[in-house]
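**Q** Below are the chains, spelled out letter by letter.
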Amino acid sequence: MLRLEGVEFSYPSAPESTMHFDLQVDDGEVLGLIGPSGSGKSTLLHLVAGFLRASAGRIVVDEQDLQNLPVAARPVSIVFQQHNLFPHLDLYTNVALGVDPSLRLAPAQVDAVRAALARLGLESLQHRKPGELSGGQRQRVALARALVRRRKILLLDEAFAALGPALRAELIELVRELVQEQQMAALLVSHQPGDALIASARCAFICDGRVAALADTAQLLAGSEPPQLRAYLGSQ
Amino acid sequence: MNIPRAIPASLVLALLALLVLAPMAGLLQLSALPGFEAADLRIWENAYLRRVVGFSLWQALLSTLLSVLPAILVARAFALQPGLPLRRMLLGLFALPLVVPAVVAVMAVVSVYGSDGWLPLGRKLYGLNGILLAHVFFNLPLAVRLLLPQWHAIPQSHWLLAEQLGMNHWQRFRFVEWPQLREALPGVLLLVFMLCLTSFAVVLTLGGGPRSTTLEVAIYQSLRFDFDPAKAVVLALLQLALCMLVAIFTLKLQRMPEVEIAAATPWAGKSKAAQWFNLALILAATLYVGMPLLSLLIDALRGPLLRVMFDTGLWLAFGNTLLIGISAAVLAASAGWFLLAYSAELAQRGHSAAARLVDLAASSVYVVPPLVIATGMFVLLSPRVDVFDWVYPVVISINALMGLPFVIRCLGPAMRQNHARYHRLCLSLDLRGWNRFRHLDWPLLRRPLGLAIALVAALAMGDLGVIALFGSTRSATLALLIYQQLGAYLVAQATVTALLLLALCLGVFVLLEHLIGGSADAAA
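Going down the list, the sequences are from chains A and H.
The first sequence: position 5 = 4 (numbering that gives the first Met the number 0), numbered continuously.
The second sequence: position 477 = 476 (numbering that gives the first Met the number 0), numbered continuously.
By construction, these hints were calculated from the structure, which means they are not laboratory data.
Predicted model only: the values in this text are computed from it and were never measured.
For every residue, glycine included, the Cβ atom is placed at its ideal position computed from N, Cα and C.
One or more hints might be untrue.
If we take Cβ atoms under 10 angstroms as the criterion, some of the chain H residues that face chain A in the derived model are [said to hold, decoys possible]:
#	residue
1	Leu300
2	Arg301
3	Asn434
4	Pro442
5	Pro447
6	Thr472
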């Protein structure tokens with residue numbers, strides 16, 4: 000379980016705008032995060048991943064506070080929109096780096112990498128380089144790496160934004176399955192409210208650096224509060 | 000704060016400061032130098048100084064105009080002929096002067112325009128004419144390579160719109176091409192002006208007489224022939240002031256184009272007459288650049304090859320050249336790597352002003368010419384030690400300093416891009432230190448690194464500025480040997496030595512670029 004308790008952060012360039020987050024994501028749950036550009040969705044993910052340090056509050060995973068842990072020591076895997084893979088390494092190596100950056104893998108770890116690739120339907124492509132793959136396949140590789148890392152938290156930072164609607168829906172469905180299988184807690188940032196509808200039972204609307212609304216996804220998208228959500232969705 | 004990156008970068012910055020500021024301190028001890036008189040500082044009253052400054056500026060201005068104005072036409076011709084057969088090879092030829100040592104270019108120019116050359120100018124070659132011919136040989140191709148990407152940057156839709164609106168050639172140039180060209184032109188003009196203002200080997204060998212001496216050559220003559228350090232320091236301070244002025248103008252412009260050929264193809268002209276005109280321009284420029292090199296090759300092969308090859312002095316100079324070239328390249332690349340790694344990290348953390356400052360410090364040699372630094376070192380060291388015993392550390396470190404801006408320009412964009420794209424991923428995967436270097440930095444940066452090392456090695460091997468001040472017979476490089484042979488009127492031997500130096504520079508360039516950079520698809 001991931002819990003953000005009174006987490007505060009402000010960028011040095013705008014010290015007067017302090018963001019404030021309180022949130023909880025259960026094991027096996029994907030929580031959708033929607034909101035306008037610059038509202039703080041990616042900042043929230045980067046605080047959990049450790050790329051940014053909160054000025055106050057706690058980020059807790061299974062009762063362990065992550066605040067003082069370096070990025071690599073946090074139980075977190077992240078998938079970005081692009082540049083998830085090293086272009087000069089083949090798929091197998093890109094995934095294996097997630098297990099051990101020195102690439103000194105025990106036989107069981109090699110099997111785990113192969114199994115993850117197989118699970119994502121990439122077994123036959125393992126010796127190809129990212130440049131030879133489609134956008135959807137590249138994101139599958141990034142998910143395979145998240146799978147072998149076996150971390151409790153999965154962060155998806157507009158991971159599927161560059162894909163078409165059908166492929167996006169397919170990959171979000173896949174994420175749901177993986178999160179269920181490994182009992183991870185996942186945060187999915189998306190600009191498409193429809194993504195949240197597919198991905199998550201619950202959804203948070205982030206606005207001005209705060210969780211402005213958190214509810215059942217269908218209810219949230221159909222509701223009328225807060226007004227910023229209406230403006231964001233473009234509905235009356 | 001990432002301590003491992005900050006520490007080596009700080010060390011490099013401290014060394015840079017020492018290398019630039021200590022010689023400056025030497026120059027500022029002017030009043031303590033033997034032969035100094037306060038009247039030396041009243042430059043406007045000294046006819047010799049006025050003449051030297053005037054000629055320095057005049058030859059730089061003429062060289063710049065004669066290089067850049069034709070380069071605009073040639074670059075345009077290349078841009079509008081994307082399907083030209085051998086286009087790649089011709090553009091490759093235009094890259095050659097970047098690695099051809101200045102003294103070799105002088106020999107090549109002499110072999111075409113000298114009294115026994117294909118287009119003999121006789122005694123008129125020596126002086127301003129020869130200086131201009133050699134400077135244009137160097138800078139016209141450079142300007143073509145700097146300007147060509149401007150045409151590639153014009154959006155396809157602009158070409159189509161111009162065609163749809165029925166613009167003629169002049170209108171198209173005025174409304175489509177000129178606005179893009181205008182962006183880069185001041186930067187290119189100032190860069191070429193600066194290169195000509197600080198040109199040493201060309202002026203030393205083709206000019207040098209009382210009527211055609213520049214500040215750089217006058218500094219050298221004051222130190223090595225007149226033994227007048229006070230005059231050398233006044234000249235060096237003048238040169239420093241001029242270079243700072245040009246650097247300030249350049250900084251104001253804020254934009255210096257990259258030396259690269261973009262892959263995009265611009266609109267190709269349809270008029271037959273225009274196509275023939277473009278082809279004629281390309282042919283003329285190719286002949287201008289290619290003919291001297293071809294002539295040098297023929298002259299050298301007809302020269303006293305065996306006699307020169309069996310001279311032990313030649314092989315000693317060969318060894319010195321290699322030692323200085325490779326050492327300077329490794330030093331510059333290491334320093335550049337540490338500085339860039341740190342500046343990329345600073346930029347990533349949002350300290351873009353500090354990152355820019357680190358990059359600027361690495362390019363300080365743009366403001367303080369190498370010969371000015373060398374003069375400062377000479378003045379600083381000569382009362383204390385035998386400066387000729389210090390030739391290797393001094394020549395290697397100043398050449399490394401001269402090469403540092405090239406490392407920054409070759410490696411900087413790739414390193415910053417790498418950092419911006421993968422730094423967070425590396426953090427989350429715990430990819431750092433040796434693992435990061437072998438899995439990420441080396442495979443993705445080896446090509447620009449190879450190019451940077453190869454370029455700096457070739458430049459250092461061909462340098463005649465610092466080695467002319469500090470070199471002796473024992474420590475001569477091939478470039479200095481050529482100059483000594485010319486001084487002894489051994490032109491045929493100098494031509495053979497020039498060919499050997501050219502072969503060495505090109506060979507080392509290709510070898511280093513290939514060995515370090517790997518094959519073209521290695522980083523694909």
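**Q** Now look at each hint and say whether the structure bears it out.
**A** Here is what the structure says about each hint:
Below 10 angstroms, beta-carbon pairs count as interface contacts, and Leu300 of chain H has none with chain A, the closest being about 43 angstroms; its hint is therefore violated. Interface restraint check: Arg301 of chain H against chain A, minimum CB-CB distance 48 angstroms, threshold 10 angstroms, status violated. This hint holds: Asn434 of chain H has a C-beta 4 angstroms from the nearest C-beta of chain A, less than the 10 angstroms allowed. Residue-level restraint check for Pro442 of chain H holds (minimum Cβ-Cβ distance to chain A is 4 angstroms; threshold 10 angstroms).
A least Cβ separation of about 14 angstroms between Pro447 of chain H and chain A goes past the 10 angstroms threshold, and the interface hint is therefore violated. Given the 10 angstroms rule on beta carbons, the hint for Thr472 of chain H is violated: about 49 angstroms separates it from the nearest Cβ of chain A.
Of the numbered hints stated above, those contradicted by the structure are hints 1, 2, 5, 6, listed in ascending order.
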